[in-house]
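Protein chains: 4
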Amino acid sequence: MPVSFESDYIAGAHPEIIRRLSETNLETLPGYGTDPYCARAKEKILRACGLEHGDVEFLTGGTQANSVIISTMLADYEGVIAAKTGHISAHEAGAIEYSGHEVLELPQENGRILPDTLRRYLSGFFADENHEHMVFPGMVYLSWPTEYGTLYTKAELEEISGICREYGILLFVDGARLGYGLMSKSADLTLPDFARLCDVFYIGGTKVGALCGEAVVFPRGSKPKHFLTSVKKRGALLAKGRLLGIQFDTLFTDSLYFRISGYAIDMAERMKAMFLAHGLELYLDSPTNQQFVILDDRQMEAMRDRVVFSFWERTEDSRTVVRFATSWSTTEEDLAELEKVLAGLD
Amino acid sequence: MPVSFESDYIAGAHPEIIRRLSETNLETLPGYGTDPYCARAKEKILRACGLEHGDVEFLTGGTQANSVIISTMLADYEGVIAAKTGHISAHEAGAIEYSGHEVLELPQENGRILPDTLRRYLSGFFADENHEHMVFPGMVYLSWPTEYGTLYTKAELEEISGICREYGILLFVDGARLGYGLMSKSADLTLPDFARLCDVFYIGGTKVGALCGEAVVFPRGSKPKHFLTSVKKRGALLAKGRLLGIQFDTLFTDSLYFRISGYAIDMAERMKAMFLAHGLELYLDSPTNQQFVILDDRQMEAMRDRVVFSFWERTEDSRTVVRFATSWSTTEEDLAELEKVLAGLD
Amino acid sequence: MPVSFESDYIAGAHPEIIRRLSETNLETLPGYGTDPYCARAKEKILRACGLEHGDVEFLTGGTQANSVIISTMLADYEGVIAAKTGHISAHEAGAIEYSGHEVLELPQENGRILPDTLRRYLSGFFADENHEHMVFPGMVYLSWPTEYGTLYTKAELEEISGICREYGILLFVDGARLGYGLMSKSADLTLPDFARLCDVFYIGGTKVGALCGEAVVFPRGSKPKHFLTSVKKRGALLAKGRLLGIQFDTLFTDSLYFRISGYAIDMAERMKAMFLAHGLELYLDSPTNQQFVILDDRQMEAMRDRVVFSFWERTEDSRTVVRFATSWSTTEEDLAELEKVLAGLD
Amino acid sequence: MPVSFESDYIAGAHPEIIRRLSETNLETLPGYGTDPYCARAKEKILRACGLEHGDVEFLTGGTQANSVIISTMLADYEGVIAAKTGHISAHEAGAIEYSGHEVLELPQENGRILPDTLRRYLSGFFADENHEHMVFPGMVYLSWPTEYGTLYTKAELEEISGICREYGILLFVDGARLGYGLMSKSADLTLPDFARLCDVFYIGGTKVGALCGEAVVFPRGSKPKHFLTSVKKRGALLAKGRLLGIQFDTLFTDSLYFRISGYAIDMAERMKAMFLAHGLELYLDSPTNQQFVILDDRQMEAMRDRVVFSFWERTEDSRTVVRFATSWSTTEEDLAELEKVLAGLD
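Chains as they are written, first to last, in our numbering: chain R, 1 to 346; chain L, 1001 to 1346; chain Z, 2001 to 2346; chain S, 3001 to 3346.
Be aware that one or more of the hints could be misleading.
PhoX-like cross-link-like pairs, simulated, lysine-lysine; straight-line CA separation at most 20 Å [stated by the list, open to error]:
1. 1084(L) x 2084(Z)
2. 3225(S) x 1225(L)
3. 3154(S) x 3185(S)
4. 185(R) x 154(R)
5. 2154(Z) x 2185(Z)
6. 84(R) x 3084(S)
7. 2272(Z) x 2185(Z)
8. 1272(L) x 1185(L)
9. 225(R) x 2225(Z)
10. 1044(L) x 1223(L)
Worth flagging that the hints you see were computed from the coordinates, not collected in a lab.
In isolation and in its complexed conformation, chain R is listed as follows:
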């Protein structure tokens, strides 16, 4: 079997999570997220965010979280701004539109919306005499890390947050891979920063060691009224909410979330060094667990049967951008095997 770097969700859950699910399995608990594990997980997350006043809610996956959050927080006449490469723009099969709201796509750079681009868009929108016939921007959606593994700096996020507040619109950060951003060597943003600068964000579980689950943080009372009812209305309420509560309780015990994210970053750095050592061209300089490499057809052919990675896009000169991802489940053996394959390319 080939070694796989296909994604950060190729294995089950971190073994500690499986252990805790097993240990608590026979306990009698109330449903729909009202159990003590959910309560404890929420508390730990709020504490990690430095939030005295705030709410945490668990949802099952990223597209679901994006759709529930955006559609419950926007006004009827509003849409959500996102990079053209944002997950909600391209890869969620129209989940936001399904909720009746438009994704307002902005140009991007390596997956990021530049603050200037945002400012120009917003000032242009309100200057347009016909803007009442257009979808109002009601929220900015960023992913951190982005779909290209890149990060916004603290200065940039502060600038974007400032623009949002100036225009009275919400800032939402999709943190499906938040752990990998937080533990990146390049990152200067922390959980309390997100809690301070955003109106809502989530801490991804599915791609960071859980079987499923995203923890949505609503700082300072931003949680929509009767949120549970809106979640149920969208088919997103788990009967056995314990499944999410126990996982996040485990991830936020003894810093497990940060430890496994840090481990994946280390593995990614070593992988990147290997790519460079073997003369492969990076598509961009990603400081997180996703690494993008440009391969020519010969290289593709040579690796195909021995390593699994993800197709990303074709370049204009007929080469292929592919993605390699690490996670808690990446092993020394995986890297060693990759090294062998890369050596064969030389």
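Let chain R serve as the given structure and place chains L, Z and S on it in line with the hints.
This is chains L, Z and S only, laid out in the frame that chain R set:
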């Protein structure tokens, strides 16, 4: 701690499921339901349904399954017929309406739509000269067992299926508790019967031993085109589809699904006998794992701190209907404790 | 050609409206309801409602008005309460559900929701321990006159309005035939009463002399923010808003709206007297422009080719309820012709 | 009062339409588009399109038509392709997204999608290994003339139609200003061409002489089943359908539609010649009734109080693109007045 009969989802998963999740945890598998466990589970389910040509898809929970199925199978101008007490009518926070379709509520008897009621409604609809200004009935939704634990007989389901085919509308059975129906002493319907009579139905996991998950069966090519895309659009696609595949593979190995359902039925029968022995009044005669009892205020008071059950509704003479549910996790000790409490009521 | 009482929209517009459309036709006016005729009509309507602070917006038809109003004023987790016979419940092809909201149907009496029924429903809803899993009631929808031509008294509307305010939900009156109610001999409600007791209501034009158009009144700042954008989003914004403004300006000049409504009421009263004189059985005692008569098959047969009326429903004893409607366009000749037909039935 | 070229809907209806509305006003007619005027108009339109087998349905306005057509013809998993400048992309307040479908925006040139752009997009979509996680393209939306007054040639439309058929997706042409295209000196497309190449298109009334109304043409059985019910569900069904039927019957009698469109084109050509004669810079070369001119601030200032036109956009060098539109209501006096103003700019 009081003993709990609050619902059939108060415990985690059947231990065999936890064991399999643990065993397979480190395997590298592709996402979104394309792994071999999903494939194997689908095969086993099709075989159990006696279907040579059919599809199975996994979803996470009951409300989600109802909403995805109904909204992808109805035409724009159609709604879904359901009993006024049907889960989609009352207890799903408007999930069907969220998808843009009306639930057309019919009168019921102990949770069931009588075939005559259905026939009268349909013939009345098409006889109404203004029916083009009304929502067309496009599907009949039944739950089996119903929300009151009752069952349709084979003759009744055949009659209803015949009416649906006569009018060219779909028949959908919500089987969130299907196992408890199939193993009921009163049932004369089998999985192959459902596969033969329905256009779609699901085999509930969440309430029958799984952590989460419902297996939707589409007999004879009834699965909507590009279903995966529609599932994703509704935020219902799990990245780690293995979570559902492994659970259903386990439930359909060595008849586990039927064995644990049968066990819960045995426990429910014994519980029912205990209620009658202690002179409690049954609200209706349920042949499945949910038992409905009418309590007066004194009895409510006496039991409150020692047994957990679900509030159902108030009767006109100011008594209370409550529900007791059994499942695979109900123990001998639970029943013994209930017996003690009931003895105290005499 | 048979004489027609089929509905109150069988003719074009009141001739005065046609005259004004013609007179103003070549004027250059801005679009989307920003012209002076719209402004003037709004002013006159606010004055007629005794509102110093309020808004008026024009929409094209009744189903559209209901859907726009309800979907822009409800919260995500809310539905709208209506009589089972309410227009939005039965005859709008699921327009409210299309907007993602449920119509919560209550039992009715001759088209009316009794205040006690409403109170019992609301107190029951909030007493239900599971109500967070259900659609919250967010608005009461009444039609006045109802679909059966009946009226609520001022005492009843005050009671209903009081209940709504007690529970913090909105009161919306569908006044597609408001004029016929206001001019009914039995009515004790006035436009200022509606403005005082409702959160939103509309003054119907389509059925009261206009080619199309409903004037929605939002008292005391209840108009949703950026309403124009929400109207456009629903495809309900007319480019030539003048079409609605000129019509309502005309209807509210020299009390035309009230005069033509009163005329239709007079004709309806004479018609009703004719039915009784000829021994026909009224289905109910309607004080407005719609009269409901029960015909046996012989009577149906005898009238069929000479008078046009609307089929309403079959009675249990196999007779037919039919509706006769008057309007500004009903003539003396029409009544004389009807008299001849009725005489022939004796 | 300044002379206005603000839009093609600044006047009421063509006087012939007003005359016919007036003449037929007292006729008793059935509702909802079942009257003989609708029937006659449909027949005339089908004949003008050279369609033996086809359907015509009337809707009230352009955004409504776009939203009804697109949402009833797309499958659940599909979106609609449009130019980034297409009306549905930018200026309809999210009406398509309200129906749950995404607008897939393509780059454009003067408002037009180049066939190559379309082909590249479609082949790229299906080549993408992840396309099942994305919105499927189900329809191409073109406007003809475009929002910039430009036209596709017959060769281009044939190519686009061919691509659509190759990929099995629908072709829809928004003809809000179809008349101005058809009568343009540059046009080589006719109504029968549209009927042959499109799956659906509409003939705009609102902007071509009607008070309101668009005639949607469904060639060869492409009309969605139970379309009336779907139209009602969207609040788009007029009770007095005669209002639309009489208007289109008039427009398609004695070629009125073509005559007034041709008149507007003549006026636009003369206006364009005046702009060029006075040295104004055209933003692009429009062959239809909308002319786009680039003005500097001095010119804007000088014209502001004497001519009404529409703001379009700012150029990068801080000048302003504005639009002048002609229609049937543009007079010799209007052009003479414009000439005076332009002379003053020299």
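Okay, the hints, checked on the actual structure:
no.: 1; hint: 1084(L) x 2084(Z); result: 13 Å, holds
no.: 2; hint: 3225(S) x 1225(L); result: 19 Å, holds
no.: 3; hint: 3154(S) x 3185(S); result: 14 Å, holds
no.: 4; hint: 185(R) x 154(R); result: 14 Å, holds
no.: 5; hint: 2154(Z) x 2185(Z); result: 14 Å, holds
no.: 6; hint: 84(R) x 3084(S); result: 13 Å, holds
no.: 7; hint: 2272(Z) x 2185(Z); result: 13 Å, holds
no.: 8; hint: 1272(L) x 1185(L); result: 13 Å, holds
no.: 9; hint: 225(R) x 2225(Z); result: 19 Å, holds
no.: 10; hint: 1044(L) x 1223(L); result: 18 Å, holds
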